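Peer 1: Sequence:
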Amino acid sequence: QLGDGVVRTIALGSSEGLRRGMMIQNTGNPIMVPVGVPTLGRIMDVLGNPIDECGPVSHERMASIHRDAPAYDELSPSTDLLETGIKVIDLVCPFAKGGKVGLFGGAGVGKTVNMMELINNIAKAHSGLSVFAGVGERTREGNDFYHEMADAKVVDLENPANSKVAMVYGQMNEPPGNRLRVALTGLTMAEAFRDEGKDVLFFVDNIYRY
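With this note's numbering applied, the sequence shown corresponds to residues 44 to 253, in that order.
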């Protein structure tokens, strides 16, 4: 809110049909998205709406995507290592639990394939959960990722609650505001699983498009 009746907004969907003089409504709330088990096995957009044509997502638990980051002294660095099951990673670049890792490479060299393998291994070896935020992804890539997860049984098509991954997409053809916020939507869902005491991996692909 900029004052004098002026409000700055970000388009999270199509802006077709918007015109000067239209009435708007202030909800008084930040963007709220569903969290918890109902998000597992589902594909959602930045607002938490399902885009997988598998029915609505339960809104029993909701959380705001805008929250203060933890203070530096609240962070708890860990020396425990996460065994990924990918030998070259575990030997050359082991992952610390609670840490952050960047995966960099040219187009088409296998970054997303590596992430799919990590999600699969963590789900099967550690019964861990993953949240995947596709920022500026191509529709084809998102579709391929979903079917790869289904083939690996990480996504349970018959009973989504038994799935090990939740997916959020702000695709390349959507407004920039969508891509600006979709990583926060995924982070909110991952934090909810963390607060339940579960091991969770949060992936952002591609951070350059964020």
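By construction, these hints were calculated from the structure, which means they are not laboratory data.
These numbers were taken from a predicted model, which means no experiment stands behind them.
Don't take every hint at face value.
Stated by the list, open to error - Calculated lysine-lysine pairs in the DSSO-like style (CA-CA distance at most 30 Å, straight line):
#1 196 - 154
#2 167 - 154
#3 196 - 241
#4 241 - 140
#5 143 - 130
#6 241 - 154
Said to hold, decoys possible - Quick list of simulated restraints, FRET-style, between CB atoms:
#7 182 - 220: 47 to 53 Å
#8 73 - 141: 35 to 41 Å
#9 56 - 130: 42 to 48 Å
#10 64 - 153: 38 to 44 Å
#11 93 - 154: 25 to 31 Å
#12 72 - 218: 29 to 35 Å
#13 73 - 47: 30 to 36 Å
#14 186 - 57: 35 to 41 Å
#15 64 - 156: 21 to 27 Å
#16 218 - 154: 44 to 50 Å
#17 121 - 72: 42 to 48 Å
#18 73 - 148: 33 to 39 Å
Each residue gets a CB set at the ideal place from its N, CA and C atoms; glycine is no exception.
Peer 1: Hints first: check each against the structure and report whether it holds.
Peer 2: A quick look at each hint next to the structure:
Of the pairs offered as hints, the one joining residue 196 and residue 154 holds, with about 21 Å between alpha carbons and a cut-off of 30 Å not exceeded. With a C-alpha separation of about 20 Å, the suggested pairing of residue 167 with residue 154 holds against the 30 Å cut-off. With a C-alpha separation of about 20 Å, the suggested pairing of residue 196 with residue 241 holds against the 30 Å cut-off. About 12 Å separates the Cα atoms of residue 241 and residue 140, which keeps this hinted pair within 30 Å; it holds.
Between residue 143 and residue 130 the alpha-carbon distance is near 19 Å, which keeps this suggested pair within the 30 Å criterion. As the CA atoms of residue 241 and residue 154 are separated by approximately 25 Å, the hinted pair is consistent with the 30 Å bound. Checked against the hint of 47 to 53 Å, the pair residue 182 and residue 220 fails, with Cβ atoms roughly 18 Å apart. Range check, residue 73 to residue 141: about 26 Å between beta-carbon atoms, so the 35 to 41 Å window is missed.
In this structure the hint that residue 56 and residue 130 lie 42 to 48 Å apart at CB holds, the actual value being about 44 Å. The beta-carbon spacing between residue 64 and residue 153, approximately 51 Å, falls outside the hinted interval of 38 to 44 Å. Taking 25 to 31 Å as the suggested C-beta distance range, the pair residue 93 and residue 154 conforms, at roughly 26 Å. The beta-carbon spacing between residue 72 and residue 218, approximately 21 Å, falls outside the hinted interval of 29 to 35 Å.
In this structure the supplied range 30 to 36 Å is violated for residue 73 paired with residue 47, their Cβ-Cβ distance being about 23 Å. The given range of 35 to 41 Å is broken by residue 186 and residue 57, whose C-beta atoms sit roughly 21 Å from each other. A beta carbon spacing of about 50 Å between residue 64 and residue 156 contradicts the range 21 to 27 Å that was offered as a hint. Against the hinted window of 44 to 50 Å, the Cβ-Cβ separation of residue 218 and residue 154 comes to about 25 Å, which falls outside the hint.
Separation of residue 121 from residue 72 is about 35 Å and departs from the stated range, judged on CB atoms against 42 to 48 Å. A beta carbon spacing of about 35 Å between residue 73 and residue 148 agrees with the range 33 to 39 Å that was offered as a hint.
When held up to the earlier numbered hints, the structure conflicts with 7, 8, 10, 12, 13, 14, 15, 16 and 17 and fits the remainder.
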